[in-house]
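Asker: The task is simple: from the sequences and hints, build the whole structure.
Protein chains in written order, with full-length UniProt numbering: chain R, 1 to 375; chain U, 1 to 375; chain L, 1 to 375; chain G, 1 to 375.
Since the hints were made in silico from the structure, they are not lab data.
Being a predicted model, the structure only gives us computed values, none of them experimental.
It is possible that some hints are incorrect.
Chain copies aren't distinguished; within one or between two, either way the pair holds.
Said to hold, decoys possible - In silico DSS-like cross-links for lysine-lysine, where the CA-CA straight-line distance does not exceed 27 Å:
(1) Lys100 / Lys300
(2) Lys265 / Lys34
(3) Lys300 / Lys277
(4) Lys145 / Lys329
(5) Lys100 / Lys149
(6) Lys305 / Lys145
(7) Lys352 / Lys149
(8) Lys111 / Lys34
(9) Lys140 / Lys240
(10) Lys265 / Lys300
(11) Lys145 / Lys34
(12) Lys111 / Lys140
(13) Lys111 / Lys300
(14) Lys145 / Lys352
(15) Lys305 / Lys149
(16) Lys100 / Lys305
(17) Lys111 / Lys100
(18) Lys121 / Lys111
(19) Lys325 / Lys149
(20) Lys325 / Lys145
(21) Lys34 / Lys240
(22) Lys305 / Lys140
4 protein chains.
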Amino acid sequence: MNPTIFTIPIQQLASGDRLSIQVYKFIGANPGKKAYLQANLHGAEIVGNAVIQQLIEFLLTIDDTQLHGEIWLVPVCNPVSTNQRTHYFSTGRYNPSDGKDWNRIFWDFEKECDNLQEFAKSHINLEIDAIRNEYFKRIKTRFDKLLEKINSPSGAPFNERYRYQLQSLCIDADYVIDIHSSSNQAIDYLYGFWRREESAKYFLLDYGILLDEYDGDAFDEAFIKPWLALEDQLEKLGNKIRFDIDSWTLELGSGMQMNPESVTKGVRGIKNYLTQKGMLAISGFPLSETASDNPTFVSKSRIIKYYAPVGGMIQARVVLGTSVKAGDKLYQVINFNKQDDLPIVIDICAEKAGLVFDVSTNHALNEGEYVLSVM
Amino acid sequence: MNPTIFTIPIQQLASGDRLSIQVYKFIGANPGKKAYLQANLHGAEIVGNAVIQQLIEFLLTIDDTQLHGEIWLVPVCNPVSTNQRTHYFSTGRYNPSDGKDWNRIFWDFEKECDNLQEFAKSHINLEIDAIRNEYFKRIKTRFDKLLEKINSPSGAPFNERYRYQLQSLCIDADYVIDIHSSSNQAIDYLYGFWRREESAKYFLLDYGILLDEYDGDAFDEAFIKPWLALEDQLEKLGNKIRFDIDSWTLELGSGMQMNPESVTKGVRGIKNYLTQKGMLAISGFPLSETASDNPTFVSKSRIIKYYAPVGGMIQARVVLGTSVKAGDKLYQVINFNKQDDLPIVIDICAEKAGLVFDVSTNHALNEGEYVLSVM
Amino acid sequence: MNPTIFTIPIQQLASGDRLSIQVYKFIGANPGKKAYLQANLHGAEIVGNAVIQQLIEFLLTIDDTQLHGEIWLVPVCNPVSTNQRTHYFSTGRYNPSDGKDWNRIFWDFEKECDNLQEFAKSHINLEIDAIRNEYFKRIKTRFDKLLEKINSPSGAPFNERYRYQLQSLCIDADYVIDIHSSSNQAIDYLYGFWRREESAKYFLLDYGILLDEYDGDAFDEAFIKPWLALEDQLEKLGNKIRFDIDSWTLELGSGMQMNPESVTKGVRGIKNYLTQKGMLAISGFPLSETASDNPTFVSKSRIIKYYAPVGGMIQARVVLGTSVKAGDKLYQVINFNKQDDLPIVIDICAEKAGLVFDVSTNHALNEGEYVLSVM
Amino acid sequence: MNPTIFTIPIQQLASGDRLSIQVYKFIGANPGKKAYLQANLHGAEIVGNAVIQQLIEFLLTIDDTQLHGEIWLVPVCNPVSTNQRTHYFSTGRYNPSDGKDWNRIFWDFEKECDNLQEFAKSHINLEIDAIRNEYFKRIKTRFDKLLEKINSPSGAPFNERYRYQLQSLCIDADYVIDIHSSSNQAIDYLYGFWRREESAKYFLLDYGILLDEYDGDAFDEAFIKPWLALEDQLEKLGNKIRFDIDSWTLELGSGMQMNPESVTKGVRGIKNYLTQKGMLAISGFPLSETASDNPTFVSKSRIIKYYAPVGGMIQARVVLGTSVKAGDKLYQVINFNKQDDLPIVIDICAEKAGLVFDVSTNHALNEGEYVLSVM
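Answerer: This is how it looks when you write it as structure tokens:
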């Protein structure tokens, strides 16, 4: 089957050139859910582009009767960040004009929804689909208002223009998959939300971090938070329902590269997920290991990040993916000085046991720069 | 009188070199209040360094009997940001490793003080000084705990180390004055807090913005917010007291320069403020115009910022300091394209009346970049 | 008359988006010379975009019989540099991946022309136009070879791809005008070459710098150097001819802005130049002041640049455009330290008399950073 | 034995803080040659800091009678570049204020020595040491003049101040070893000069690049070029002498890391070199493999660098260290577009056979960005 392809201008540059995003829409012969996938929101995190390219290749080979619903795919979804360079590194993690993390800019209906309790009360006796429709209408009404500000004479900063375009594409989706990697170096894992552990398993990754606390305004959060909040309200009122709405951030390896194993895992996991969700009917899926798969889920608040206690150069760091015990040596710093002393070597040990799942690419560190994370 | 001078290491760099800050403490012969002044928290905003250098020059000429209390002065208070460069511009507005605005990183006791109402109830019948002492003890106890995290094996990111050092210097101050400028180009004005309008006048600036909404975690906010919150609580309980605690951000002109008129205004305003507050006994102050001075105060929420609706080059922009009416032309954009069309010129007009108080230094703008602000 | 407009892709970005340049070609009804104008080769130097936009507006109003030959105009000629940003400054002076100044990358036939003397000997008796044709053929043959490298599997770095596109447009021009400004702040002046002082006057600017020494590989140099070298050789052999080939760099004011007076001067000067050269027949030109105009020409080697002797903040700098005598005070530095000393103020005086024609935008300077230039 | 340690201020920053370098001098009990070693001239190339730290550790364990002559060691020799950061990458390859590569700024006596032929003629009959002394005096006299410019009111840009400090330390050395790595990712090899192949072997590295062409003004070149030029002149005049003066750049692996194998190889090679040169008398050295070692030397002009022909993401790149034949596939690009087309995958093949010795860290590439090098 062939996709329809749309090109959407995202930003006109000072030079008059335009950056755009391109949406590949595969529309199944049968109605169904809508899955929205994007990649490369942070400039260095390119791995998802290969995942999406392989998914497109694959979808081209199937028949449209094998797809229920729609799959929308947006590779290189943030051309501004993808093209940011310093020296020859991809430094597109923050918007250079306001310092904002490209994944902390999204519009979150929950923050504007002051009467959620009231809504829950007045709709609690409806069918789940009716509740969903009514709630979605409210989200959509508010979302549409964002355009007024953008089109006013005072305009809106680029972050607000950009998020409007991107969130327009997924606001009515059922499943959102945002493919990232570490901007540094990391293992493969995913970020998911509480009450969605069961479908998290479909991705067949060994590790998952459950977002029990939020940085705020991330793409995955902005999509699902309003629905989780509504579930909470309804549950408080005695109606324990779960919307079939999911939001995932896949973290596939390291920055500035597309590790083939990570790409393969990503493609396999997404196919399995979409099959399990009933969108794809393809041979070999769902994979039999899905049932037995028993990933490790860790709460975000339990992660410990390590920062250099002095300026210097790190060496003898434990290998990415190592499980450490409390007190195990994590890394050394060679510490130079400019006060007529010899260089010294300092050992840093683990505060708690855990898995070293993310490490800095750069081993030259100012005091207080990031070294590694343990989950 | 001579100051005592302390040098405090702030960060050891990867190279082993250290960046420090230097505190000039002028201790009066008579006990009294403590004023804390700093400059150059944002790298481009250097004007306060000249203000502080002139204040030091001046204080050297007076006798210690003319000073009641202590004045602490910290020029170039953020050497990391001051020394940030790209090309030859001072680009030190955000921490390059986490994108955080250098003035949105400070520790705010109010966020951790979960039992404020209880505290207010149990202390409402004490004298104001006793309330202050008890509350300060709680702030200090929590603040001191920050050091535990910093000294743990996992350490703390530089922002947390740095803020600890800087807030240590002012946590027990009565008056905090943080001297900024626009990182772009601006008139002279100040940021102040509600219920402090009266002493705002002492600075003799024509304009002030009252913080009725917060960006959060700014230096001035972090210092005064816990006290404002306590005043609120006590007032709700029927005890309307005002602590003699002030927090100001002076905005003196444009970035990357020390405009002589702005410096003079800053020095004059600070001398007048400190005299009015009873700290300085110096000839010629307080200035007689203080009484008659009638600055314009505007709420922060009323400011309108304009962003470029297209990419291009701006021209014919209204001059900084102009008062505009709704519909007045604010600026033009020459808009090029790469689609075989002629360049076009677009007019942008004011949404509302107001004073153009801040304008972008750069006239080449991507779509959604900042152009100017109207108060 | 209307131009024909061409859009030429310059670079495909990692995201798949493309940056382009656009050429506006005004073709006269009568044959004649070819003038090539471009602007904004350095990202911050946007003033020429307004000059070219106004020239386009003007040319639209004339009849094609008033133009002899062709005028090609390329605003925003380097979209890569125009769109470079750090914080909100235009930092597009160097290619971020190799550090090369965008105006030191151009292909210079003279460096590859090993048999110039031989060529001069064997063609010395031809008519000037015949010599020109033969020499141009050699330039063109070599230039065309650059494409082989670009199209090879190993490819070519962006600088070589870009220069090929830009130099393709002007290689057969008679007059090249490259519109710059200071990336800092400067007066209006031009860069020209020896033996071209007479036509330099047509631009009606008060100051000119004659390139008696080269930085190397600048756009203006790369265009004219081979012709100057041939003139030299022929003159050595006794044939003193001058090709009607000119190359100019106009410097119109300061970076990141389009000062209206500088724009007006630029437009006026270019109209006058093109009229004097016989390309335009327009009312009011050539201006009568051309004859009497007596600009000051200074050799590049005589310029003195001043660099900060210590780190600090500069103040009391002489105003841009001031004529100083040797020993006159040029600027002060407030010099802080982190060694428990008071700040000090240092005066820096002029080594030689001259005109202060360029000054740094940034007044916060590390030791050895640029302060100002005297011609 | 213990070193004497000197700290030399290199730059005062705008904030008043100072960056310094520190020299560790090990002075043998016996007179002899002077070896000068430095590391980390480019900010990302930190590996040599570990090499020098281990050499210091080692030298502390030997007796001063085991050292003939002096070894000077300068780790983190360019604190400006070491501390440069964008995002969390070490982007210290170019000076941010002038774009100059930190290893293309050094003073080269050969460029100023206009009467070399004359010097050679007038000294040809002296003993080699006498020639060396006389020539060194001339170098030193010119070098000392650089200080006049630095101390003049107009001062000198930072590059000139810095190079003066660094070259002061090594100008009278016999052997200069500058430890680099790739700023990207590379194998271990060295850069050496013609006529020095024999001592190149002492480093026991498998590969070497002989500088038959110069980028110009690199640290290694600036030190040895004047001596090579004198050897050439003397040889032309019939006196084929070789000064015992060496200059090496070791390239030990990849940027932003200190690979333990590369560090070990570096330490071992330097110990072996210094033993072979008679400076060190230590057990186990020189290593017996020195005689049999047969490294591959390649001329710099034979290296082929590959640049991305389109913008996109590279995958399936040959592994670093692979030997390829002409026509072998080197890498693929996934090429997205914003023109409603499907992504495509493009293969790039080797132009010539050779060893892939350096590859880009970043796999997201704009058109014309660097991919890999083949020697």
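Asker: Within a copy, between copies, both or neither: where do Lys325 and Lys145 come within 27 Å Cα-Cα?
Answerer: The answer is between: 26 Å across copies meets 27 Å, while 52 Å in one copy does not.
Asker: Can you tell me if Lys140 and Lys240 fall within 27 Å by alpha carbon in one copy, between copies, both or neither?
Answerer: Close inside one copy (24 Å), not across copies (45 Å); limit 27 Å.
Asker: Is it within, between, both or neither when you check Lys305 against Lys140 at 27 Å Cα-Cα?
Answerer: between (38 Å within a copy, 26 Å between copies)
Asker: Are the CA atoms of Lys111 and Lys300 at most 27 Å apart within a copy, between copies, both, or neither?
Answerer: both (21 Å within a copy, 20 Å between copies)
Asker: Up to 27 Å between alpha-carbons, please classify Lys352 paired with Lys149: within, between, both or neither.
Answerer: Intra 48 Å, inter 14 Å, cutoff 27 Å: inter-copy only.
Asker: As a check of your reading, is Lys145 near Lys329 (CA-CA no more than 27 Å) within one copy, between copies, both or neither?
Answerer: Only across copies: Lys145 and Lys329 sit 26 Å apart there, 54 Å inside one copy, limit 27 Å.
Asker: Are the CA atoms of Lys265 and Lys300 at most 27 Å apart within a copy, between copies, both, or neither?
Answerer: Answer is within: at 22 Å inside a copy they meet the 27 Å cutoff, but 41 Å across does not.
Asker: Checking an output row: Lys265 and Lys34, CA cutoff 27 Å. Within, between, both or neither?
Answerer: Only inside one copy: Lys265 and Lys34 sit 22 Å apart there, 56 Å across copies, limit 27 Å.
Asker: As a check of your reading, is Lys305 near Lys149 (CA-CA no more than 27 Å) within one copy, between copies, both or neither?
Answerer: between (39 Å within a copy, 11 Å between copies)
Asker: Checking an output row: Lys111 and Lys140, CA cutoff 27 Å. Within, between, both or neither?
Answerer: within (14 Å within a copy, 32 Å between copies)
Asker: As a check of your reading, is Lys100 near Lys305 (CA-CA no more than 27 Å) within one copy, between copies, both or neither?
Answerer: both (21 Å within a copy, 17 Å between copies)
Asker: Tell me, please, which holds for Lys305 and Lys145 at an alpha-carbon limit of 27 Å: within, between, both or neither?
Answerer: Only across copies: Lys305 and Lys145 sit 18 Å apart there, 39 Å inside one copy, limit 27 Å.
Checked against the numbered hints above, the structure violates none of them.
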